[in-house]
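Engineer: Okay, here's what each chain looks like letter by letter:
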Amino acid sequence: MRIRLTPRETSFYDLFASSASNLVTGSKLLLELLGADVAARAEIADRMRAAEHAGDEFTHAIFHQLNSSFITPFDREDIYALASSLDDIMDFMEEAVDLTVLYEVESLPKGVEQQIEVLARAAELTAAAMPNLRTMDNLTEYWIEVNRLENQADQIHRKLLARLFSGEYEAIEVLKLKQIVDVLEEAADAFEHVANTVETIAVKES
Amino acid sequence: MRIRLTPRETSFYDLFASSASNLVTGSKLLLELLGADVAARAEIADRMRAAEHAGDEFTHAIFHQLNSSFITPFDREDIYALASSLDDIMDFMEEAVDLTVLYEVESLPKGVEQQIEVLARAAELTAAAMPNLRTMDNLTEYWIEVNRLENQADQIHRKLLARLFSGEYEAIEVLKLKQIVDVLEEAADAFEHVANTVETIAVKES
Amino acid sequence: MRIRLTPRETSFYDLFASSASNLVTGSKLLLELLGADVAARAEIADRMRAAEHAGDEFTHAIFHQLNSSFITPFDREDIYALASSLDDIMDFMEEAVDLTVLYEVESLPKGVEQQIEVLARAAELTAAAMPNLRTMDNLTEYWIEVNRLENQADQIHRKLLARLFSGEYEAIEVLKLKQIVDVLEEAADAFEHVANTVETIAVKES
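Protein chains in written order, with our numbering: chain A, -14 to 191; chain B, -14 to 191; chain C, -14 to 191.
Misleading hints may appear alongside valid ones.
Chain copies aren't distinguished; within one or between two, either way the pair holds.
[As the list claims (entries may be wrong)] The calculated lysine to any residue pairs, modelled on SDA-like cross-linking and capped at a C-alpha distance of 25 Å, are: (1) Lys13 to Asp41; (2) Lys189 to Arg61; (3) Lys189 to Asn52; (4) Lys95 to Ala21.
Since the hints were made in silico from the structure, they are not lab data.
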């Protein structure tokens, strides 16, 4: 145990808000991907990569702040978990776009647009909730709604897999598409991790 | 750090015991699944979903207790890890049943019954061990045996994959069945996580 | 909270060094695997299994030391994370060899040798870095380089998947090979986890 200075510990809130806002950017790029032709996809992938790099900067700033602060607004493990899960979401979003380009996917299967709409809604809710960590107001509705969205995403994902396995697609195409829909499902799971961490923080404060 | 009241911290033991007993219920449903026709499978899936919801209640009660208690019988991170791993096991069991129904699997490959028997044995051992957390008696045998079972599950799983890839099955069927045997393997891994956490707790107490 | 004796807490350094050196052994066995015929592969698998058992011993010794020490050279969670990630790497390496034998893979696809070269380089860097945990010297270059290697591994992995999905391979063969290249990618990720934990430790010390 050693003494840590706390020059700017309040900026945790700002960093979490920036990290979550960046996910709204990411989910909008996923929505763009749905209707994009091959040329447009490459350009979307570039912008997604830039967004992911921006996310890395926020995550790194949070970790640096965490490691150099003696007093933190919440338990250290909760700050770590929150930053990591926010970072994971962006990584999964970026991977979905990159794989779509890399595998030269003809068209994403019906149901992916539902997955992405759920992610976009979860991103908006998460970005709106982060500033409320200061006051702990209105967080209950946020985490109930994100948990509901994750259950919905899970149902959409399982139906998508059933469709992929229905015989409509060639085996190799199934493998490509499965990896993309799986990574989008991982993004939905990671939104729930964020919400569960926020719940943990809120219960400790109450 | 803030003061937390501890109205009922001893009930951690009861909650862990209930959560583990619920896994015995889950593993019995998996055993029923083996011989079930399509109609029976749907009904088993309903009961599995109910068991999983019951498990969620125990997990949530443990987290709530953890977050609202100032003094806990073990280190907080160990309680969290134990509750999470118990919850994971039920989720994996439920997913295995749900995917079998959803993918309209004709018949599960030979070897799955061995996977499920190992899970059933691990569930019984885990349910028997939880009450012993109070006294720390007889835990060594439990975790040695669960680690042995996990190694056995790992061997069964790898042989199952080799069978799936042997050319006996169509590629799409391989994909469906692989996902089911993989999720059963994840359940076996999660039993080992539970045992490792119990070992950690016991060593700290010794 | 209870008092723990610390008869030999300094040996954490030796145990981490031994665990990391063992990964160099593992990565050399992976390099041998590349050019091996079927008979040689079985023998390599035996030696890899022995290396994995040796790794388990180091991991277990670290956990035992951690649970029985009152004072530790770094935060307990960092020691736990470091030992676990080192152990994970060996497990992934062993799995890659075992699956190659079990699936009777004709030949590993072009690009796997690049994956393994990255792992071998990461293992050397990790083994060289562990003794520096005593003095915290020269760790910055280590983790920057391992992060760079992980990005490189990620690119190699994605290109390998694109090759597997290009139509050159039968679907079942794709499934086998994908599992092997995925587990090698997991090993690369785990090297990054080790480096990130070392970074966390170093920042706290600075």
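Engineer: Of the numbered hints stated previously, which ones are contradicted by the structure, given in increasing order?
Structural biologist: none
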